[in-house]
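Student: These protein sequence lines map, in sequence, to chains A and S. With the working numbering applied, the first sequence has no gaps in its numbers, which climb one by one up to 264 at the end. With the working numbering applied, the second sequence has no gaps in its numbers, which climb one by one up to 797 at the end.
Calculated directly from the structure, the hints in this document are not laboratory data. Where a beta carbon is used, it is the ideal one built from N, C-alpha and C, also for glycine. There's no promise every hint is true.
To be verified - Ranges between beta-carbon positions, derived for each pair:
#	chain 1	residue 1	chain 2	residue 2	range
1	A	Gln253	S	Leu772	54 to 60 Å
2	A	Asn211	S	Leu737	38 to 44 Å
3	A	Asp110	S	Gly768	45 to 51 Å
4	S	Val728	A	Leu103	51 to 57 Å
Claimed, not checked - To list a few chain S residues with every Cβ distance to chain A over 12 Å, as calculated:
#	residue
5	Met192
6	Ser236
7	Lys251
8	Gly252
9	Gln256
10	Glu304
11	Lys325
12	Glu331
13	Arg334
14	Asn340
15	Asp360
16	Lys381
17	Leu674
18	Ile698
19	Leu704
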Amino acid sequence: MLLLENVKKSYTEPDGANLPILDIPEFRVAPGEQLALMGRSGCGKTTLLHVIAGISRPDSGLVRVAGVDIARLPEHGRDRFRADNIGYIFQTFNLLPGFSALENVLLGMSFTGGRADEGRARKLLDQVGLGRRLSHKPAMLSVGEQQRVAVARAMANRPKLLLADEPTANVDTGHQQQIIDLIRAQSTEENVALILVTHTPEVSDQFTRVEQLDRLNQAVVNV
Amino acid sequence: MSLWKIAWRSIQQRALASALTGFSMALGVALIVAVLVAQKVIRDSFTRGASGYHLVVGKKGSQLQLVLNTVYHLQDPIENIPYSYYKRLITPSDDLGKNVKVAIPYCLGDNYEGFRVVGTIPDLFTKLEYADGKKYEFEEGGRNFRLKNYFEAVIGSTVAREAKLKVGDEFQPVHGLSDEGDGHKHDAFKIVGVLKPTGTANDRALFINIEGFYLLENHAKPLDEVAAAKPAAKPPADDHDHAHDHAHDKDADHDHADHKDPAHDHADHDHAKPEEAGHKDGEAAHDHEGEAQPAGGAKASAEGKAAPDEHADHDHAKHDEAEHEKAADKPPADHDHDEHAGHDHPPGEAHDHADHDHDHAEKGATDKAPADKAHDHDAHAGHDHADHDHDAHDDAGHDHADHDHAGHDHSGHSHSHEPLPEDQREVTAVLVLAKGDLYASNLRTKINEGEQAQAAAPIRVIADFFQKIVNSITVALLSLTALIIVISGIGIMVSIYNSMNDRRRDIAVMRALGASRGTVLAVILVESILLSLAGGVVGVLLGHTLVAILGPIVEGQTGVSLGFFQFDKYELVLIPGLVALASLMGYLPALSAYRTDVAKALSASP
Chain A
42 MLLLENVKKS
52 YTEPDGANLP
62 ILDIPEFRVA
72 PGEQLALMGR
82 SGCGKTTLLH
92 VIAGISRPDS
102 GLVRVAGVDI
112 ARLPEHGRDR
122 FRADNIGYIF
132 QTFNLLPGFS
142 ALENVLLGMS
152 FTGGRADEGR
162 ARKLLDQVGL
172 GRRLSHKPAM
182 LSVGEQQRVA
192 VARAMANRPK
202 LLLADEPTAN
212 VDTGHQQQII
222 DLIRAQSTEE
232 NVALILVTHT
242 PEVSDQFTRV
252 EQLDRLNQAV
262 VNV
Chain S
192 MSLWKIAWRS
202 IQQRALASAL
212 TGFSMALGVA
222 LIVAVLVAQK
232 VIRDSFTRGA
242 SGYHLVVGKK
252 GSQLQLVLNT
262 VYHLQDPIEN
272 IPYSYYKRLI
282 TPSDDLGKNV
292 KVAIPYCLGD
302 NYEGFRVVGT
312 IPDLFTKLEY
322 ADGKKYEFEE
332 GGRNFRLKNY
342 FEAVIGSTVA
352 REAKLKVGDE
362 FQPVHGLSDE
372 GDGHKHDAFK
382 IVGVLKPTGT
392 ANDRALFINI
402 EGFYLLENHA
412 KPLDEVAAAK
422 PAAKPPADDH
432 DHAHDHAHDK
442 DADHDHADHK
452 DPAHDHADHD
462 HAKPEEAGHK
472 DGEAAHDHEG
482 EAQPAGGAKA
492 SAEGKAAPDE
502 HADHDHAKHD
512 EAEHEKAADK
522 PPADHDHDEH
532 AGHDHPPGEA
542 HDHADHDHDH
552 AEKGATDKAP
562 ADKAHDHDAH
572 AGHDHADHDH
582 DAHDDAGHDH
592 ADHDHAGHDH
602 SGHSHSHEPL
612 PEDQREVTAV
622 LVLAKGDLYA
632 SNLRTKINEG
642 EQAQAAAPIR
652 VIADFFQKIV
662 NSITVALLSL
672 TALIIVISGI
682 GIMVSIYNSM
692 NDRRRDIAVM
702 RALGASRGTV
712 LAVILVESIL
722 LSLAGGVVGV
732 LLGHTLVAIL
742 GPIVEGQTGV
752 SLGFFQFDKY
762 ELVLIPGLVA
772 LASLMGYLPA
782 LSAYRTDVAK
792 ALSASP
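Bound conformation, chain S alone:
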């Protein structure tokens, strides 16, 4: 008869006590399984959200904050970075942009019922994956929003469920990042698609057209800031460039016209907005207060823009023909950029604007050229609006144009449906998918070396974060549960120890039958091992059954799928280790068996 059987018989003999002590062990182990699985769920769901692209680019500051804010829609954003920086990222000829495959801008600042509202471009859902190999999909009946339709939006599955929104509904983003914002309601966006659950934080966000976002109240960068920022930012060496630009400008302009390029829109805007802003003492973007009618706006502006300048006139006409549809299919920025790519603009500039501006202000600009460098600067940097208002470039032609536009704006029909000029735009962050891992690290280094922005690799930041914080929480939890197992082990020990008095005679009998001290010690140890082991196995089964039962719920909440066979690698080390530890608890009673005085125990009356 083996030691195991001998031990098993003695467990059977005290079935109830054995079952109870074994069960306490099982509960402890099940708890460990639960903690490990919970930790895995948290880690997986975090990592999942952080995959799909290489970098998050944003304002200098805490990397963790940038990642938490951009990827997980947690915490407040750091400040914004200029739109021009984003444009560098999407310019293949740029030192930064050459590393980039896809760059998606994020504009934050609003919420709807506590869910983040993200101003972005449709490419987010078509050119990026939300996890490795997983593409965004829309629930039946929905589609991605279109860039030309400024007030379209797509929402995450959780938002749809909890805020009871569906395709066709409209919602008004509220200024601020949480429910406790200032409560100012923006224009309404129409939901055209609901994302299928992704298990990422994006399930909890609403995505609106970035163009629409910019047109919302208070989303334009205040003009005086624009004006103040530019001259400082621009290297003086630009004069030259500008001359060059001018030469090109006409061509470029024509190109635009011919191609019915959306850049035109911009041109219009550039003029219109700043002027109006000037009129209202720099209070930018008031124009769109209230309305949302994408279609008519641009046309109206065209009409209104009577004719201070033939060029301009022409452009508008073209633009009109182009109609919104064609024009807006591409991000407005794109074209401009390409066109001017060859001009060697110093980084961080708003080239397009500059170009267009020149068109209009050509006379003045050329005239001015020899005069003041600083002035020149402004003009070229695309601040003509600012220039006019602040710098008092009292150029007649210019002023004309200004007034014209201003008047038109005031007439009210241009409201809201012309994109915000780029120099009034900012982005909170940019998601970057590089051309490869090496490109990504290259880009990250370059961006971080610069002054304007930082780039964070979300997976690394999150791994760090886990290392520092989540891991220690896990360790604390695991220590607690490990303690439970140790207590269960002590329970087993006490149970066996208490039984020793009853069993001393049995032990003595075994000794009399020829069992050695070592044998009786082993029998007791084996008994403790069996109890721990059985408890451990039951605990693992119990834990995983629980996981399997809760799996679908967890998957619904986090997108992390859990099955019965979801084992954590720590489980494979920790549980055997703890069971072994518990088994050793049997050593004390076993020692007592070892020391049994056979002669005395046999002589004692039963």
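The following block holds chain A by itself, in its conformation from the complex:
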């Protein structure tokens, strides 16, 4: 499903120095596999997710998602690939404030080139427990509800890989488990591979496979 080989990425600091961020010799995820990725802040978690999602491009190395080396794709190709194959859940939900819950999900369907499937959008929102709040704007929803909309949105295009970047970091502990359960249930139901970034042991403990980014990432070791 996912294969990273010798993926390297570094940033150029303002003083011109080269700062390595990622140096991953190998990282694999099987189809439908669910894993937790742990690591302290600044160890390149978000950068890794961006590279996997094709938002950022590695300086070198292979990033194969569902059989496609997206590091070789031009930008618009990666955009389209992302729309079709990858779901992304943000720490800060990132719902668009001007759009209703339903529209936010539909927005997720808008960039694939096909027609937005409103039936599926409603069904997804129903599954995350928001079937009656379709027309609510994000500001009218609780934090937990907002993240559930984000989950529905990430699932909208039947992705093959779901990336969740600390999805519960901004959610109160009471709702934390709900969100995790929801994400895992959705992934299981649609057989989507899941990489869930977290720094909370209570969350990572629930996963059979837990990866420490410090160990995967040579760049961190070198720091």
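For chain A, the structure is supplied; the task is to place chain S on it using the hints.
Tutor: Just chain S, lined up with the frame of chain A:
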């Protein structure tokens, strides 16, 4: 979800800012509509006044001046042309006249409370239209003036309203073309009709009987000018003609008598006026000073004209019988002309006068014939008066006649009610409706080739005028309003651009959801297009609503009717064009969206 909806949502999200920027666009567009409509109103109302006839004929000079002055009652007139030229235009056998269907003389020089007073004939309102297919009409209770009633007048609707005049009122034209004239008040004219609004400059004019006009003080051509002008103008070959004339003269005369032809009147006048003028050292037309009593005058003159000549006597008698009514129904000139049409008078002559004069001066004239050509000339040209006074054709019979007439004039009762002799008449312009467009252009060429007058096609002159001046003013105005639209466009740009900082994250999210750079660029562009378009549509509606509201007022002032759906063709090009331009202003913020660094924007804390 379509780009339009995505863009629309983001407009909604910033409703106030969006509404304000869109409204500034709407105001700009409404302004453009207003300028275009105003321009159309000006153009239409000008063109309207210039239709209804083909040509304006007047003294050589600026065509624009002739048209502005005659058609729009603006500016000062160029000088006058001889009455004989007008007569050529109404003579079907004449080289010029054969092209003419209707010719209406205009005499200018007076005003009433700043409105132009036009001396003309009633045919103006019956034989010409004021715009294509639109005939002059009178307000209830009014009628056209009658040629026989020298001191009748018809006034335009604006004059009636602003000068508070109505049917039955009298007014005294004041010498000069504007309020600042010399202030000399003329005899009073009685208003017999008020024209319904025409939307032309004629709404702002008073129309008086041309015969009355001529009888006003200072409106006769000074005698010495008459005398000086004629010999030069007349080709020497005339001797012959004259002989011919004489032969005919008697017949002609008799005809007149029998038919009770108004031409007779003229005959009388011819004699009376010049004499009197002679007496007063060439100060023409003093006779009518003061009075206005059409009825008695002619009779009086007849009485007074005792009997130096049997012919004359006879004529007068006839004339008396004829009474004014019958006699004056036709323009005095008409008949004469017809009668003598066959005589091949060289252009520009005052035939009628000549004829009549001969009647009286027959003896002398025939006697003189072999003598001096120049003299002859004068006599025949109808300058007998002048002749007598200046040229000293000391013909006894003649002198007699002169004195008689003179005496009679002095007695005072002939005042003012005999038409001015034609050789003392001039016209400022002639409106000509030709028999067709080809005739019109034919006539125009012919007249312009000649020395005496020019002919202008008002519609062409006005189109030219618009091309040169009004259009550039319009262009300037439109440029200004276009600038307003561009500024509105910049406003939209700034508004969106300023919002970009807040929206960078949204854009990044869309990118993360799979939107391409092109897509986010399009979203912003569409947003700018929507704002411009909405502003444009609101502006057009606003502009036209304004036009519809002001329409009745404008129509009252100019006669140009305006409705909500009064679209100008430029509007259909200009507004979409400008809206498109404004939309493109969104390109800058859109470019900023295009360049958004997704990873960085997503990492930034909200």
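Student: For each hint, tell me whether it holds in the structure or not.
Tutor: Hint by hint, here is what the structure shows:
Between A:Gln253 and S:Leu772 the Cβ separation comes to about 58 Å, which falls inside the hinted range of 54 to 60 Å. Taking the beta carbon of each, A:Asn211 and S:Leu737 are about 53 Å apart, not inside 38 to 44 Å as hinted. A:Asp110 and S:Gly768 have their C-beta atoms about 48 Å apart, which keeps the hinted 45 to 51 Å range intact. Between S:Val728 and A:Leu103, the C-beta spacing of about 54 Å keeps the proposed range 51 to 57 Å intact.
Distance check for S:Met192 against chain A: the nearest CB is about 4 Å away, which does not clear 12 Å, and the non-interface claim fails. A cut-off of 12 Å between C-beta atoms confirms that S:Ser236 is not in contact with chain A; the least separation is 51 Å. Every beta carbon of chain A lies more than 12 Å from that of S:Lys251, the smallest distance being close to 74 Å; the non-interface claim holds. At roughly 70 Å, the least C-beta separation between S:Gly252 and chain A is larger than 12 Å, which holds for a residue marked as non-interface.
For S:Gln256, the shortest C-beta to C-beta distance to chain A comes to about 65 Å, beyond the 12 Å cut-off, and the non-interface label holds. The claim that S:Glu304 is not at the interface with chain A holds, since no C-beta of that chain comes within 12 Å of its own (minimum 66 Å). Under the 12 Å C-beta cut-off, the non-interface status given to S:Lys325 relative to chain A holds; the minimum distance is some 58 Å. The non-interface label for S:Glu331 is consistent with chain A: the shortest C-beta to C-beta separation is roughly 65 Å, beyond 12 Å.
At the 12 Å boundary, the C-beta of S:Arg334 stays outside the reach of chain A, the nearest C-beta of that chain being 73 Å off. With 12 Å as the threshold on Cβ separation, the claim that S:Asn340 sits away from chain A holds: the shortest Cβ distance comes to roughly 81 Å. Interface exclusion of S:Asp360 from chain A stands, the closest Cβ pair being 71 Å apart, more than 12 Å. For S:Lys381, the non-interface assignment is confirmed: its Cβ lies about 77 Å from the closest Cβ of chain A, beyond the 12 Å cut-off.
Distance check for S:Leu674 against chain A: the nearest CB is about 33 Å away, which clears 12 Å, and the non-interface claim stands. Consistency note on S:Ile698: stated as away from chain A, yet its beta-carbon is not over 12 Å from all of that chain's, at 10 Å minimum. S:Leu704, annotated as away from the interface, has a beta carbon of chain A within 12 Å; the closest lies near 5 Å.
In terms of the numbered hints stated before, the structure departs from hints 2, 5, 18, 19, listed from lowest to highest.
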